[in-house]
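First to last, the sequence lines map onto chains A and B.
Note that the first sequence covers residues 1 to 216 in this note's numbering.
Note that the second sequence covers residues 1 to 466 in this note's numbering.
These are computed hints drawn from the structure, not numbers from a lab.
Check before you lean on any hint, since a few could be wrong.
Below, simulated DSBU-like cross-link-like pairs (lysine-lysine); rule was C-alpha separation at most 30 Å, straight line [unchecked claim]:
hint	chain 1	residue 1	chain 2	residue 2
1	B	K41	B	K270
2	A	K46	B	K121
3	B	K112	A	K46
4	B	K112	A	K77
5	B	K270	A	K46
Have a look at the derived ranges for each label pair, beta carbon to beta carbon [as the list claims (entries may be wrong)]:
hint	chain 1	residue 1	chain 2	residue 2	range
6	A	R86	B	E272	42 to 50 Å
7	B	E272	A	L78	48 to 56 Å
8	B	D88	A	L9	27 to 35 Å
9	A	E203	B	R117	39 to 47 Å
Glycine is no exception: its CB is placed at the ideal position from the N, C-alpha and C atoms.
Chain by chain, the residues run as shown.
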Amino acid sequence: MGGDADCELIGAARQQLSARLMESLVHEARNPLNALSINIGVLAQKLRAPGGAVPPGQERNLSAMREQIARVDEVLKLFNDFMSQRPMANEVDFSHAVDRAIAALGHEIRRAQVRLEAELAGPQRTGINWESGALSFLAAQPILRGLARSRAGGAIRVRLAGTHEKGLTYTVEDSGDDSEPFDRAVPALQRMAARAGGAVKVEGALFEMTLPLAGR
Amino acid sequence: MSGARILAVDDEAASIEAMAELLTAWGHKVETASDGHQAIKRALEFHPDVVLSDLAMPESDGLWLLRALKEDIPDCPVVLLTGRATVDTAVEAIRQGAYDFIEKPLDPARLKVCIDRALEKRETMREVQGLRRRLKQLGGTEFVVQSQEMRRVFDLIQKVAPAKASVAIFGESGTGKEMVARSIHNLSPRREKGFIAINCASIPATLMESEIFGHERGAFTGADQRRPGVFELAHGGTLFLDEVGEIPFELQAKLLRVLEEGRLRRVGGKVELEVDARVLCATNRDLKAEVKAGRFREDLFFRLNVFQIPLPPLRDRREDIPLLTQHFVEKFSSESAKHVTGVHPEALQILKQYDWPGNIRELRNAVERAMILCEGELILQEHLPPDMAVKSPERQQFHTPYGLPLDDVEKEYILGSLQRNNGNKARTAESLGVSEKTLYNKLHRYADEAKALQAAGGKPETPAMA
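Take the sequences, apply the hints, and build the full model.
Printed below as a string of C-alpha cells:
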C-alpha cells in the first residue's frame, strides 16, 4: 500500500462503490418488500367479510406486517440517502445532513451505549456545493469521532447554530479521554471545511467546525 | 371503480402474480407481461384502460414502454412503479407522459386511489372524445315518428338495440339509414362508447382495406404513420358500414373473419388485434341479387343479415311530412337569424303531394332552400323548388303516345314544362336541368317551325313566343 494520497484515493473509490452497492441493495430489497406488501393486500381482501372490514384481530396482524415493511423500507431509504453521491444544489441545509447522520448512526450509538443529545437550530443553509456523500461525511465523522472516544455510559452533545458573526457552527462534544482515534478523518475534514471557506478546530473532547452561511 | 381492463407489467414474478390477484379481487380484468416488448404486444390485443408498469426491467424498461404506449394507445394512462425513488426519475417519467408514479413497496390503498383516478381520467377522455365525435356526426335529422310504418321501424330498433346481433338496414337513398343505425347505438348498452360511421361508396377501393382495418407505418407508399381502422376506433361501440355492398369481393373474406372471430390484423401488421365492435350495415343494393351474381359473399350476407330493418320511402309515409317539415323549419330557424315559424297550408299540401325521390334528405334540402328565400314567418309555395312548387295532382303527369319521334317527345315535354311554370323560362330551364340559352334556342326553333308550318297552310301547334 502506498502513502496517504493512495489511501485517500482508495477511500474515495470505496465510498463510490458503497454508494452504488447501496442503491442496488435498496432496489433488490424493495422487490420482495413489494411482493409482501401486495400479498398483504390480497390477504386483507380475502379476510374481508362481504361488504365489510377485516376482523379486528386479523387486522392487527396485517397492520403489524405493514408497519414492519414500512420500517425496513425507511431504513433502506435512510442509508441510501446517507450514502448516495448525488450532486447537490449550491445551498444546502446542513441541519438536515446532521439529522440524517444521527439517524444513520443510531445503531452505532446504541451499540456504544452512549447517550446522544442534539441541539440543532435548523434549518441552517450553507453555501457549499459538494455532492451528498461528502455532506454526509462532514456531518457524520465528528459524531463517529466522539463515539470512538467515548466509553459506555458516556455522552455526546451535538449542536448546530448559526450566527452572523461566526456563520454556521457545528460542534460535537464528547465525554471521552484525550485519545485521537481518527487521525486521517480530521485532516480531511479540515481540508474540506477550508475549501468551503470555513475551518475545523479540534481540542480534545471538542470538535468545532464553522462553515459560511448561505448568501454570505 | 371496478370492471376495468388493467395490464400489469413487472419482471418480478412474485410481485406480478400478487398484483394480478389483488387487481382481480378489486373486480378488474387483468393481463400481465414481464417486459416492455411483451407488454406492448398484450396492450395492442387487450386494449387496457390503465397500464401499471415497473420502471426498471432488464430488456425494455418502463420508460421505453411508456413511449411506445404513447404512440399506440395515447389515451391510456400509464402508472409507473419503481424501487428507485429518486425525484429525477419521477420527474422524467411524468415529463414523458406517465399518469402517476408509485414507489415500491406498494401501498395497496394508494394503488387503488391511483387506479381509480386514472380510470376517471380515462373515462373523462373517452367522454370528451365521444362528445366531439357525436357533435361532428350529428347534424342529420333526429328521429321523427308519426306514421304506422315508422312506428314499426322504431319498435324494431328498440327490440334489436340491446342485442349484439348485426343489423342490416335497407332503404332508398335519403331514408335515414344512418339515423336508424345511430338510434340503435344510442339505445344499446354500447351507447357510452363510440359510434363510427363510414360510407363504403365514398372510399376508393384501393384505400378501403386500410380504412376498415387500419395500417402499420410503412405498410404501403405514403403510410408514414400507423393508423387505426374503423373497427379499432369502434372498439366497445358500434360500427356502421353504409353502402356495404360496395366493399370489394376480396375484402369481404377479411371482414367476415373479423365479424366471426373478433380479431383483425392491420395492413402490414404482424400481430392480431382483439376488436369488439357491433356492426350495423346499410345498402340500397339488392344484396341477394349481388350474391346470386357472385359479387357478394353469401356467408358474409348471412352474417350481416341477422336482423333486417326495412325503411319505407317518404312517399309511403306522407303523414310524416308535416312533422318532419316542421322539425326542419325549427332546426334551420334556430341556426339562422330568420323568424320562420312554419309552412303555409298550400305549400304544405304541395310538399305532401310530392313524390320525394330523394326522401328525407331531399325534404331537408327543400326546407333549407325555402328558409333562405322566405322573408316572412311562413314558407309559401313560391319558396319551394320550382319543379314541385307548381305541381298539382292533375298537372304532375306527362303522357305522350308511343310512335312519336324523339324530337317531338322532347318538344312536348319542354312546352308542357313551360306551361306548368306559367311561361317562366328561367324556372323551366332550371326544372329541365338545361341552361336558359338552350331553352331559348329550342323555343326559337319550335317558333320557326310553327311559322313555317303556318306559312305552308298548316295549323300551328305552338303559340307564338313572347
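* Quickly compare the C-alpha distance for K41 of chain B and K270 of chain B to 30 Å and report which way the hint goes. => holds (10 Å)
* Asked: Given the proposed pairing of K112 of chain B with K46 of chain A, does the C-alpha separation stay at or below 30 Å?
  -> It holds: about 16 Å lies between the C-alpha atoms, which stays within 30 Å.
* **Consistency of beta-carbon spacing, R117 of chain B to E203 of chain A, with hint 39 to 47 Å** => Roughly 58 Å apart at Cβ, these two residues miss the hinted range, so it is violated.
* Between K46 of chain A and K121 of chain B, does the CA-CA distance stay at or below 30 Å? -> holds (29 Å)
* To do: Indicate whether the distance between the beta carbons of E272 of chain B and L78 of chain A respects the range 48 to 56 Å.
  => holds (50 Å)
* Asked: Can the restraint linking K270 of chain B and K46 of chain A be considered satisfied, given a maximum Cα separation of 30 Å?
  -> violated (41 Å)
* C-beta pair D88 of chain B, L9 of chain A: status relative to the range 27 to 35 Å that was hinted -> Holds, since D88 of chain B and L9 of chain A (Cβ atoms, about 28 Å apart) stay within the stated range.
* Does the hinted range 42 to 50 Å hold for R86 of chain A and E272 of chain B at CB? -> Given range 42 to 50 Å: holds, Cβ gap about 46 Å.
* Proposed proximity, K77 of chain A with K112 of chain B (alpha carbon, max 30 Å) -> holds (24 Å)
The structure fails hints 5 and 9 (numbered hints given earlier, in ascending order).
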